[in-house]
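**Q** For the record, the sequence lines run as chains A and B. Note that the UniProt record's numbering numbers the first sequence so that position 106 is 106, with each residue one more than the last. Note that the UniProt record's numbering numbers the second sequence so that position 46 is 46, with each residue one more than the last.
If you are wondering where the hints come from, they were derived from the structure by calculation, not from laboratory data. On a predicted model such as this, the values are computed, not experimentally measured, just so you know. Be aware that a few hints might be false.
Unchecked claim - Quick look at which bits of chain A chain B covers, simulated, 3 or more residues with Cβ under 8 angstroms: (1) 72–84; (2) 89–96; (3) 138–149; (4) 186–196; (5) 294–307.
Note that the Cβ used here is the ideal one computed from N, Cα and C, for glycine as well.
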Amino acid sequence: MIGGIKRGSARVGAVGVAAVLALSLAACGGGGISNNAGTGGKACGNVNIALNGWVGYESDAYVVGNVLTSKLGCTVNYVKLSEQPSWAGMASGTVDTILENWGHDDLVAKYITQQKVVVDAGQTGNKGVIGWYVPPWMAAKYPDITNWQNLNKYASMFKTSESGSQGQLLDGDPSYVTNDQALVTNLKLNFKVVVGGSEAALIQSFKTAEANKTPLLAYFYEPQWFFSEMKLVKVNLPAYTTGCDADAAKVACDYPPYNLNKLMSTKFANSGSPAVNVIKNFTWTNDDQNLVSTYISSNGMSPDAAAQKWIAANPDKVAAWLK
Amino acid sequence: MSALGTLDPASKEEQPLVVPEKKRRTGLKLAVILAVWLVGWLIFRGTGTLSQPFAQLNGFDTWLNHIRDNIQAASLTNWFFHGVLGQVSTFVNWLVTQAGQWISHPAGVRPVPQIGWLGVLGIATWVTYLVAGVRSTVLVAVSFFLFAWLGFWASSMDLLIVTAIAVVASLLVGIPTGIVMARSRTVSGIITPILDAMQTMPSFCYLLPIFMLFGPGATCAVVLTVIYSLPPLVRITEHGIRSVSPTTIEAARSLGVTRSQLLRQVQLPMARRTIVLGINQCTLAALSMAVIAAYVNGPGLGIDVLSALNALNVGQAAVPGLLIVVMAIMLDRTTTAVSERTGRRIVQIGRTVARPGLLGRVLSINPVLRRRIALCGGVLVVAMMIYLSRSQLDYAKFQDSWTVGGHLSTWINDVTNNVVSHIDKVTLEFKNAVSYGALNPLQNVLANSPWWLVAPIILALSFVIGGLRPLVISAVCEGVIFGVGLWNDAMVTLTSVLVATALTMILAIIVGVWMGRNRRAEVLVRPILDAFQTIPPFVYLVPALALFGPTRFTAIVAGIAYAAPIAIKLVTDGILGVPETIIEAARSNGVTSWQMIRKVQLPMARPSLVLAANQGLLYVLSMVVIGGMVGAGSLGYIVVSGSVQGDIFGKGVAAGIAIIALGIMLDRIAKSAVDRQKS
Chain A
1 MIGGIKRGSA RVGAVGVAAV LALSLAACGG GGISNNAGTG GKACGNVNIA LNGWVGYESD
61 AYVVGNVLTS KLGCTVNYVK LSEQPSWAGM ASGTVDTILE NWGHDDLVAK YITQQKVVVD
121 AGQTGNKGVI GWYVPPWMAA KYPDITNWQN LNKYASMFKT SESGSQGQLL DGDPSYVTND
181 QALVTNLKLN FKVVVGGSEA ALIQSFKTAE ANKTPLLAYF YEPQWFFSEM KLVKVNLPAY
241 TTGCDADAAK VACDYPPYNL NKLMSTKFAN SGSPAVNVIK NFTWTNDDQN LVSTYISSNG
301 MSPDAAAQKW IAANPDKVAA WLK
Chain B
1 MSALGTLDPA SKEEQPLVVP EKKRRTGLKL AVILAVWLVG WLIFRGTGTL SQPFAQLNGF
61 DTWLNHIRDN IQAASLTNWF FHGVLGQVST FVNWLVTQAG QWISHPAGVR PVPQIGWLGV
121 LGIATWVTYL VAGVRSTVLV AVSFFLFAWL GFWASSMDLL IVTAIAVVAS LLVGIPTGIV
181 MARSRTVSGI ITPILDAMQT MPSFCYLLPI FMLFGPGATC AVVLTVIYSL PPLVRITEHG
241 IRSVSPTTIE AARSLGVTRS QLLRQVQLPM ARRTIVLGIN QCTLAALSMA VIAAYVNGPG
301 LGIDVLSALN ALNVGQAAVP GLLIVVMAIM LDRTTTAVSE RTGRRIVQIG RTVARPGLLG
361 RVLSINPVLR RRIALCGGVL VVAMMIYLSR SQLDYAKFQD SWTVGGHLST WINDVTNNVV
421 SHIDKVTLEF KNAVSYGALN PLQNVLANSP WWLVAPIILA LSFVIGGLRP LVISAVCEGV
481 IFGVGLWNDA MVTLTSVLVA TALTMILAII VGVWMGRNRR AEVLVRPILD AFQTIPPFVY
541 LVPALALFGP TRFTAIVAGI AYAAPIAIKL VTDGILGVPE TIIEAARSNG VTSWQMIRKV
601 QLPMARPSLV LAANQGLLYV LSMVVIGGMV GAGSLGYIVV SGSVQGDIFG KGVAAGIAII
661 ALGIMLDRIA KSAVDRQKS
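Okay, chain A solo, but in the shape it has when bound (with noise of 0.2 angstroms):
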């Protein structure tokens, strides 16, 4: 036991040798490399913006992030999150904004109308479309699938092994909103909803649909980076209608458009940041977030070096936002 002891001090004494080495390295030699760039970074301060778990939403982040860096020398933190711990995060305080919302009427109500803890920071100018997709060749082998009223006629060619006697309709990522069971119900389809559980099976669903030339009605949406890759064509159901979707069990109309919006923590919309004003006034379109999401999904590229590429192309929408 005693030698134990005595090797293990030798131990801790080598370890402090070592330790005091680096502290002294670290308090001489720090001189080598210093920053160029960071310039009054104090007067934005920390931006905490939430990053959701698709492309089209890391376009919107990393652009508008970029902007921030470049332009006001904030110091911006991408704080990865699914959507709904994104608004419990601005409650809290540790998330700062979300640019790019899809409804969460419940939230709305909780969040912005009773605990009055997030604002709304308006519109992103971007049009959010869900429903139900088939692929290209579909649509072009049979073309009046793309009505509500013939998937009854097509059904059994889209059954699967997951599906029994009826036709399969696939559903998404659990955290998107989805009416599916209800339409499938009340408009009397012979459909059975089948959840894929993750973007990737949706999109993945949707290679392999098209390049095998296999049936697929899927749930899907827009804006999307996928778009720019497959033309994807949507069914219509019955139009949407205000206040057709109230009762969610009797839901029998096509899912309403979105006017995707921003969202702040009513503590950062008045700490008077100027970061806040910018991110009040950044719009763009779907074609502009579908561009920058190609740069990211298809070219491989950095979502910092997509953002920075489009933000070079677009002095003029950036200098909007900046007034």
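With chain A held as given, fit chain B onto it using these hints.
**A** Okay, now just chain B, sitting in the frame of chain A:
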């Protein structure tokens, strides 16, 4: 995800053959039960299935939602949630930020960390040499170089920091807990079930509540990681202290030592090697959880894997995934080497001689002196490396143009696309065959029978397979599943779990027998098995989706990919454990290879096969939630939904509880079967 506690080295020992008469009776009973079930299904199918629409919540679910809302409201003001946890959160976040500024992120005015990549590499290598040995030192140097070379230096360092902080926190809590448990049966009895729940609860269930308490940032990741990595450490510590030989303790007692002296001077030193093994398991568990913590912004390589998954870029996900494997191998081998040295030191009590390494033998000088020289020389080299990494940009930040990660991911994408486009029609056919042939019929019988028929049948099966104890446990677990209102979903999940386990066993027997009979095969396959045990499942989900579509079968494939390695290793172990004399005797009777496998090796390895099935089952079960992301539906999907949708939260937790119940039930039935094989 490890279930080390149930691994049993005794399976290597020679086992008596099972009495055939007894087996046949069990078979008969099973057949009768199944026949009753089938008849019942034919008459009553489709009634009393307790199937419920996804969006429907019951009282228990809304109650859980309510608790969540209360805690969330309290987290803004309450002294404990806001005050105490807030302080903890601030402290850990500060710690991680500080550590990050030293080795991974720009520090203040410097556009690079305090110590650049070269310096960190030097320090890590030198420290490893100090505590582990030459082989580990080389491994660590290569690993750290790979982190930089493949272009993920900062993320790798972040992951290491989170893992390290979580392991230190686990040690501070875990070792004292393990010691107290070893010294008190009562405490052990209270804490063991808590550990069971911590290990079987799907991590997605507590992702969101922990996030709400600590907010986004490193603290949340550290807390999640501690929850997951603590149980193996506590268990192994308790086991280590308990297994100190009673004669030693008696001898110490007779010398009149006090209880605390006994602990400090006898039990702890003797259990030291086992405890280091516990630290090893804890570290690996921490690493795998730190990756999943990326879902709540936990820093590190997990974030890179998940972002690549969003863009459906397999190659971009595979490279950081590969680095996680590298890091796991590095941590595993290094901590194992430390534990072996610790073991050696106890054997050599009183001597300080280290084993002469390669360099020592070449120089043929006194090994102690040689080591001191190497360490002192090392300090100078490391100091030089640190200095360079502080003064030269090239050594502070690994230049992007030097990295090869991008090329590697492009190459992986090309290969994957090529392979997928050539075989996807075949694999989809295979998926259909298994789904129509096994999955659908089985699910039809399990989930389409009325609950009042399935419940007693499962009890009867537990009794016939295991005995009275499993019967009682199954009854309790069934009660829990029924109580949380997810009976039908649990049956659907059970179907997939059973099919996945069956396929895992088929694969395990084929590969295991091959590896057990062929030394070269073992050397070839074992690293692949190691890789599949450590690579985060998200990496291979996309190719799996391409090959099998979003279906229950894809979830089954993910389960097999995760469970097969441990099952294969156990089967191989069993085959290798068959005594050479028996093989020789059979060979002298002129049996063919096929006869040898079927009549001698497999029957003799039977206990290992049963153990492999038990472990395979548990590993498959731990992948249920991941399966929910690729089309498994039912419990796994509910848990995933609960972690992202506020309304579903309560139902998600309920589904997590149902998974625990399912796991405990299957585990106890299988364990009793293992015990019966042994007796």
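**Q** Determine which of the earlier numbered hints do not hold for this structure and return their numbers in increasing order.
**A** Going through the list in order, the structure violates hint 3 alone and respects the others.
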